Amino acid sequence: MGTKSNELQVKQMNEINGIIAIWYREFKVFQREKSRIVASVVNPILWLLIFGGGLGASISISGINYQTFIFPGILIQAVLFSSVFFGVYIVWDRKIDFLKEVLVAPISRTSIFIGKIVGGATDSIIQSIILLILGAILEKAGLIPGLKLTFVSTVGALIILFITTTSMVSIGLIIGSRMESPEGFQLITSFLLFPIFFLSGALFPLNRLPAWLGTLTLIDPLTYSVDALRHTILGASQYGLALDFGVMIGFTVLVIAFGTYAFEKMKV
Amino acid sequence: MSNHIIETENLTKQYGNLVAVGNLNLKIEEGELFGLLGPNGAGKSTTILTLTTILKPTSGHATVGGFDIVKQPSQVRKSIGIVFQDPSSDDTLTGYENLKLHGMLYGMPVSLREERIREVLKLVDLTDRKGELVKRYSGGMRRRLEIARGLMHHPKVLFLDEPTLGLDPQSRENIWAYIENLSHEEHISLILTTHYMEEVDRLCDRLAIMDRGKIVALGSPAELKRIIGGEVVVMKSASPDIGSLKSLAYVKHIETKDGVVSLTVVNANEHLPEILQKTGMVDSVEIHSPTLNDVFLHYTGREIRDEAPEGGWGQRAMNYRSNK
Chain A
169 MGTKSNELQV KQMNEINGII AIWYREFKVF QREKSRIVAS VVNPILWLLI
219 FGGGLGASIS ISGINYQTFI FPGILIQAVL FSSVFFGVYI VWDRKIDFLK
269 EVLVAPISRT SIFIGKIVGG ATDSIIQSII LLILGAILEK AGLIPGLKLT
319 FVSTVGALII LFITTTSMVS IGLIIGSRME SPEGFQLITS FLLFPIFFLS
369 GALFPLNRLP AWLGTLTLID PLTYSVDALR HTILGASQYG LALDFGVMIG
419 FTVLVIAFGT YAFEKMKV
Chain B
1040 MSNHIIETEN LTKQYGNLVA VGNLNLKIEE GELFGLLGPN GAGKSTTILT
1090 LTTILKPTSG HATVGGFDIV KQPSQVRKSI GIVFQDPSSD DTLTGYENLK
1140 LHGMLYGMPV SLREERIREV LKLVDLTDRK GELVKRYSGG MRRRLEIARG
1190 LMHHPKVLFL DEPTLGLDPQ SRENIWAYIE NLSHEEHISL ILTTHYMEEV
1240 DRLCDRLAIM DRGKIVALGS PAELKRIIGG EVVVMKSASP DIGSLKSLAY
1290 VKHIETKDGV VSLTVVNANE HLPEILQKTG MVDSVEIHSP TLNDVFLHYT
1340 GREIRDEAPE GGWGQRAMNY RSNK
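Chain order of the listed sequences is A and B.
Count along the first sequence starting at 1, add 168, and that's the number in the numbering used here.
Count along the second sequence starting at 1, add 1039, and that's the number in the numbering used here.
Treat the hints as calculated values from the structure; they're not laboratory data.
All values reported here derive from a predicted model rather than from experimental measurement.
Quick reminder that beta carbons are idealized off the backbone N, C-alpha and C, glycines included.
Where hints are given, some of them may not hold.
[Stated by the list, open to error] With a cut-off of at most 16 Å between alpha-carbon atoms, the simulated EDC-like pairs for lysine to aspartate or glutamate come out as follows:
1) B:1174 x A:201
2) B:1174 x A:261
3) A:196 x B:1171
4) A:196 x A:261
[Claimed, not checked] If the Cβ cut is set under 7 Å, some of the chain A residues that face chain B in the computed set are:
5) 196
6) 200
7) 273
[Stated by the list, open to error] Stretch-level coverage of chain A by chain B, calculated; a stretch enters the list once three of its residues show a Cβ under 8 Å from a Cβ in chain B:
8) 180-187
9) 255-266
Okay, chain B solo, but in the shape it has when bound (with noise of 0.2 Å):
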């Protein structure tokens, strides 16, 4: 047995004729916290719930801290926790109740049981929250509930699928501080899906970039921006003269997309004032360090901005709301 926390193999998950994931091969190391990225659409979600067992695969096979998904569904489930994308939990009950139902379902001891609620409401900062009802929590608080939900019974691994999907910044940056936390507390594997280059780029160890259904670039942030090979430099021009910019041997990536160029160059502080020499004249100018998003774009060819979030928590929260 290798010591992945997660293997899969030719993991496929098809919807009739659409393939959600294809032939996903992944290993992931115990105690690694590992984003998988990509716009929505890309096979993130159907990916998580086909290792957390809720999906069956079409194809392939995957273990989650060494059991088979398809043939010991029982025992994964025992081994892993789960934060959705939209909030679980139920809102007529309060914080602890919801817990303590969680401890029920999983079979914990009622000493074990009560003593876990006092550390994970305590790692999330609700123990003087515990007795109020869900409903009057905000987003920020019911996504640190539902983080301590998924810790409480010990699990090996956590999925957190879009954790701050739909949360104001300020929320958003008090969720990473306690995610960063407990993957130094808890001891645990962390997988976490996002559509938001900044919360890998801050939190991950490893990400897998995923568009398709497919994985299109694996290692850590910076061996991926690495990948890119120099810095990008991005021009505004109406009328860019791209033709001269192949020629260059510096440059190492032109990527046009309205009006926009972007270069990939080795050394552009330096090369520079040759580049606009050729082009002629631009609206603006600006050089960064390759972002993942630059990563993102050197692969697929688009931004994963382009895509809109469709109907995350935010939107269906408020269908519900007006269901009701």
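Pulled out of the complex, with its shape left as it was, chain A reads as follows (with noise of 0.2 Å):
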């Protein structure tokens, strides 16, 4: 019995080394593409003040300034549009014969699902963290007042971006794994990103809507991950924590599943 134990012991932790170990090459692929970390952080910083800017000129929503008021949702676009994204990687590496490397390893398919997704989640949080930086820099700046960066805030805020991100890179992977190509990656996933984002409420409140609108943003699971946003660094929310952090989570876990399996049914 003793042995019987062990066995499962040294094989859970091979399964642990495999997730470190693809986790360890997303990183360092990550780290050798600087273009990809400074367009991931350049990129929502123009839409927060050309797009936030510009519109902010005119408008602003229930006594809070529009810039202030879009900056959670362009935090969940840019870890949106990074996780998603980070799917074509493993077209990549069906591409490059990478991936008969990695399925060949005496360790599971699931074990090479979470690796790949702890490897994006990393760059996500990497990108939030800049952003965050840079939220509270333009808030001292005057740019976006209002924007509640305490320690807790801060932390709450990048628990909710991680949940976020780990649905989203596991969709992502979900198309990946599908793919035999990156045009249709990226065909694919733009029809998908744009409605996703749209309706998440990222750039308008969700309190006025007219009811087919209303209803449409009540599907996208990312209309809850920008309202806990909001409640957590502006203090402002529709659905409250409980429901938000609820429908993340189960979400999560869905798409989680529906990855493994997607992973196990893999073709070379």
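Both chains come to you apart, so use the hints to assemble them.
Right, here's the structure in full:
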């Protein structure tokens, strides 16, 4: 009996080592592609300053500066795009045959999937930290007044962003596990990303929408991430944290389960 | 249990109606350097992908290192190393990082991993280049790195799928030297697939000639050539008179193709004048000892060279680049 449980422990250690190995590789690649980091930070800032600044010149939302109001939405947008696009790397892995090296290693497909999620989530969290720091600077500069970035709210924000990136990386990987070409991946994901982003209420408040639009925002899982983040760093929320976290965690569990299945079925 | 490192029993892999590998029965000894020779589409790669658990067989059984490829894939994977036909290292990582990643994937303890990285890098002469990104490596260097990687976790069997495909002659010679060297130094069994006759001739203890998913001949290169039972006489002639050759007892085998007649003749040097008398005018004539190509021709009626290698790694690497 002792040896049985030892064997199991060795097996579990192997799987954990495998997850770390996949993460190690993703992180090295991320470090090497500096342009990816820069682009992932510059684009959201452009949205915030130009789109937010332009529209914010004529509107404010329930007393909150428009740029401040969309800051949580922009953070979520940044995480959404970089997370889902992370799935394209599995398409490249297949194309350059690196996927074979990983699939033939003595670790389970589930571990490969989890390693990839952790890799993608790391990228997004680094991106988020940079954006939160820039947010704090812009707040001090008076550009986005009313942003509440304390230690607690920052940690809270990172937890919300982490849960969000986990589910969105999973979606990217599920699509990537089915696609043969990076072009195909790009096409499918753009069809998916824009509705998810626009319906999440990242750029507008959810309380005065026409009924048809309101219903659509309710089905969008990202709505709850935006809402939770608004609650945490703006103190204004539509649904309350309990519902937000419930939907976020439930959705994440669902896509991880589906992703594990997709990886199990994935062909070389 | 037998001391066969690989044993297959009616191993079959079908894609729909296409039988890629049909009823393969093969026993490979421990420590052997074994070659699978055949044209493209003969089923060599499918055989390797099945034995390495990447593909599931349609029917039949096989064991690798004593483990069943269907029931114990994880144990099989731990006991094998693979060098794929196409380069499968990550070119955004350095040589060292690729090896480190491999060690991590195979659950090697840190101290053992580092020691082993040093050993295998030395074995393939890449110690000086280990810190460079793989994208700066030449094709031959990259292949050597992947051979080193396949050896890292002390596999019992190393599979090499077309190890020199797409390499220039010098790099090929170089890779052959490394393969010969490691079969002595690492005490492992090596299975390689190739469609280069020189490669098996030079490297392999034994080989199986595969054609259309089946093994058509099995033995050492010398044994197989002996099967031919004589020398090969190749003649070029516009209108060869084959009929008259058939009556000669010392002519074992006649094969004609595009105005080229190839005969298997016992004591060819002695009998050549008589043969030439029978055939009449020929444009050229040549006698050589049998090669594996003659063996292949003998069994299949075709030459291995007839099949142009399609989309090898060089080709794909170019596609990859133009896609980027």
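Go through the numbered hints given earlier and state which of them the structure violates, listing their numbers in rising order. none
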